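So the sequence lines, in the order shown, correspond to chains A and B.
First residue of the first sequence? That's 1153 in the numbering used here, and the numbers climb one at a time after it.
First residue of the second sequence? That's 23 in the numbering used here, and the numbers climb one at a time after it.
Keep in mind the hints are simulated off the structure, nothing from the lab.
The structure displayed is predicted, hence computed values, not measured ones.
Misleading hints may appear alongside valid ones.
[What the hints assert, rightly or not] 20 angstroms max Cα-Cα, derived EDC-like pairs, lysine to aspartate or glutamate:
1. B:K63 / A:E1198
2. B:K65 / B:E50
3. B:K55 / A:D1159
4. B:K64 / A:D1159
5. B:K55 / A:D1165
6. B:K65 / B:E49
7. B:K64 / B:E50
8. B:K104 / B:D159
9. B:K65 / A:E1198
10. B:K63 / A:D1159
11. B:K64 / B:E49
12. B:K137 / A:D1165
13. B:K158 / A:E1198
14. B:K163 / A:E1198
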Amino acid sequence: MNPFINDYVRVQDRGLAMGIQNFGITAGNLLSVALLYTLTNMVAVELAFPIMTGLQLLWIVIILGFRMI
Amino acid sequence: MKSGFSTATTEVAFSNYAYPKKDEDDEEAVFLKIRGKPGIKKKNLILIPLLTFFLMFTGVDVLQTAAQCLSNPDSYDLGIEKAATVNTNSMTDAMLFSVIVLLFGGMLYDLMGRKLTVAIFFGIGAVSCFGFPWGKDFSWKVPYYTVMKIFF
């Protein structure tokens, strides 16, 4: 739940933007199961969770570092 | 008497007329046929699917691995049946709390701004995710797991 579509997209294109947003959900879900879970399943639990912590911190760096907001 | 012919000349703005040149910021950003509002750049539009992608890419993996570590003998070691029960109950509790977050989440964007809200949400996710495996030796490991899941 975020206000980015309302804030960034023209009114006429919001339907398409919502479709693209949902595509992000599906792609993330699919790649998470197919790629990331396969990788983290191979390592110990004590290592798997810090990897995911690192990834989430990386998302913050990417989003704020590239000034996407 | 006045003549019916006018000698006045009219200037018409042709295509080579010196219109003021637009700045780069005034140009419309387009990403996959999605047009941005004035002042919005392409990278702002890219963020719309990217944010949900990031959220699901790590979120789904955390939930799957967390569910798996409940029955893992090297981790919480609850046994298959109890692990399933704890997983279901913790998901129910997390869903209840997510109702509150959904209600006030939009308000937080208005109060704190977009940057800070996104950073805080991902930051809380990162911290709570880090804490999942360290509760395996606690006597109150099930409540610990539930709290971690609620925060995540």
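Here's how the hints hold up against the structure:
| no. | hint | verdict |
| --- | --- | --- |
| 1 | B:K63 / A:E1198 | 40 angstroms, violated |
| 2 | B:K65 / B:E50 | 12 angstroms, holds |
| 3 | B:K55 / A:D1159 | 17 angstroms, holds |
| 4 | B:K64 / A:D1159 | 13 angstroms, holds |
| 5 | B:K55 / A:D1165 | 8 angstroms, holds |
| 6 | B:K65 / B:E49 | 14 angstroms, holds |
| 7 | B:K64 / B:E50 | 9 angstroms, holds |
| 8 | B:K104 / B:D159 | 16 angstroms, holds |
| 9 | B:K65 / A:E1198 | 35 angstroms, violated |
| 10 | B:K63 / A:D1159 | 12 angstroms, holds |
| 11 | B:K64 / B:E49 | 11 angstroms, holds |
| 12 | B:K137 / A:D1165 | 24 angstroms, violated |
| 13 | B:K158 / A:E1198 | 11 angstroms, holds |
| 14 | B:K163 / A:E1198 | 15 angstroms, holds |
The structure does not agree with the numbered hints 1, 9 and 12 stated previously, though it agrees with the rest.
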